[in-house]
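Read in order, the letters of the sequence shown are residues 1 to 313 in the UniProt record's numbering.
Fair warning: there could be bad hints in the mix.
Distance windows between CB atoms, simulated [what the hints assert, rightly or not]:
(1) Gln-181 <-> Ala-9: 44 to 52 Å
(2) Ser-33 <-> Asn-226: 30 to 38 Å
(3) Gly-70 <-> Val-221: 28 to 36 Å
(4) Glu-154 <-> His-204: 35 to 43 Å
(5) Gly-123 <-> Gln-8: 57 to 65 Å
(6) Gly-282 <-> Gln-155: 47 to 55 Å
(7) Leu-10 <-> Ser-218: 51 to 59 Å
(8) Gly-230 <-> Gln-259: 29 to 37 Å
For lysine to aspartate or glutamate, the following DMTMM-like pairs were computed, each having C-alpha atoms within a straight-line distance of at most 20 Å [as the list claims (entries may be wrong)]:
(9) Lys-217 <-> Asp-175
(10) Lys-207 <-> Glu-154
(11) Lys-291 <-> Asp-239
(12) Lys-81 <-> Asp-30
FYI, nobody ran anything at the bench for these hints, they're computed from the structure. Positions of the beta carbon are idealized from the N, C-alpha and C atoms, including for glycine.
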Amino acid sequence: MTLDQIKQALLASYEADGGINHLDGTNLPDQESVSRLAADFMHLLFPGFFETSAVTKQQIADVTRLRLEGVAARLIAEIEKSLKFVQQPDPALRAREAAMHLLSELPALRRLVHTDVSAAYHGDPAARSIDEIILAYPCVLVISLQRIAHVLYEQKVPLLPRMITEYAHERTGCDIHPGAQIGSHFFIDHCTGVVIGETARIGHHVKIYQGVTLGAKSFEVDDAGNPVKGVKRHPDVDDHVTIYAHATILGGDTRIGTQSVVGANVFIMQSVPPHSLAYNKGSTLAIRQRKKKEEMVITLRAEDVPGGSDWVI
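Using the sequences and the hints given, assemble the complete structure.
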């Protein structure tokens, strides 16, 4: 085919497959600008760590002022684009309000991400310093940006929160939806392959390892066969829980009780009581109280095991 023939074929597909076009519509949030925003948020949360040259205490006030001014302008612009996309009334005013609310939350978010850095340092014997955690641990990027995006999500800003968390997802392999509610002192060790769904709730002092999924079972559909949205689909994880590598925990009515440990490769679709240990015992799931010897063994049905058709992320 010649270039002209390829062009004509593409134009024909644009007419036939309109669902993946965005022509004659409002301007969408810009991915390059979102990437700059994400990087600048990390600079504001961790001043001096990601600069190309050293920043002194004498310079920090001016550096922060200039960065805030740039972030505010871009953030307002990208939020306004997002609001226009869903035809929100008075998008310019709403965008400014949402942006200023997020920026006003930055001091509190700094205190929160400091607890995450502390949890990583105290939770990993390989960590040599706080500086190493901030510079080299992917969980710092993904958790920090999820907390930023969550503030926008709570204000019902469309598109932009997902774009911010996807920036982190692309760089870390860790996918946390901006809707997930996450407490303080959260640590994801190794990070890669973790998936945390929109309606998951995670308490304080929770530690999870690579490959963990907090996902959904199959969900209700409407008369048109589309998933019903806005319902609780993902599990709750209470305070002081540890979840080891590649565990899969599914369902909006599933709760992992406080001080519990979930072993590696465990597949769970029911609640685990507080102070429990959940682990694989042959082909069965065993749950026992950590201070007792009694053990509850659960045999999964064939349709419940991973690879079946009744669970989703």
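Evaluation of the provided hints:
1. For the hinted restraint 44 to 52 Å between Gln-181 and Ala-9, the CB-CB distance of approximately 47 Å keeps it satisfied.
2. Checked against the given bound of 30 to 38 Å, the beta carbons of Ser-33 and Asn-226, roughly 31 Å apart, stay inside it.
3. Under the hint 28 to 36 Å, the C-beta atoms of Gly-70 and Val-221, about 44 Å apart, miss the expected range.
4. The beta-carbon spacing between Glu-154 and His-204, approximately 19 Å, falls outside the hinted interval of 35 to 43 Å.
5. Our hint of 57 to 65 Å for Gly-123 and Gln-8 holds, since their Cβ atoms are close to 58 Å apart.
6. About 48 Å separates the C-beta atoms of Gly-282 and Gln-155, a value consistent with the hinted range of 47 to 55 Å.
7. Between Leu-10 and Ser-218 the Cβ separation comes to about 37 Å, which falls outside the hinted range of 51 to 59 Å.
8. In this structure the hint that Gly-230 and Gln-259 lie 29 to 37 Å apart at CB holds, the actual value being about 32 Å.
9. A distance of roughly 18 Å separates the Cα atoms of Lys-217 and Asp-175; the hinted pair therefore holds under the 20 Å criterion.
10. Straight-line distance between C-alpha atoms of Lys-207 and Glu-154 comes to about 24 Å, which puts the hinted pair past the 20 Å bound.
11. With a CA separation close to 18 Å, the supplied pair Lys-291 and Asp-239 stays within the 20 Å bound.
12. Distance restraint check for Lys-81 and Asp-30: the Cα-Cα separation of roughly 9 Å lies within the 20 Å cut-off, and the hinted pair is therefore satisfied.
The earlier numbered hints that this structure contradicts are 3, 4, 7 and 10.
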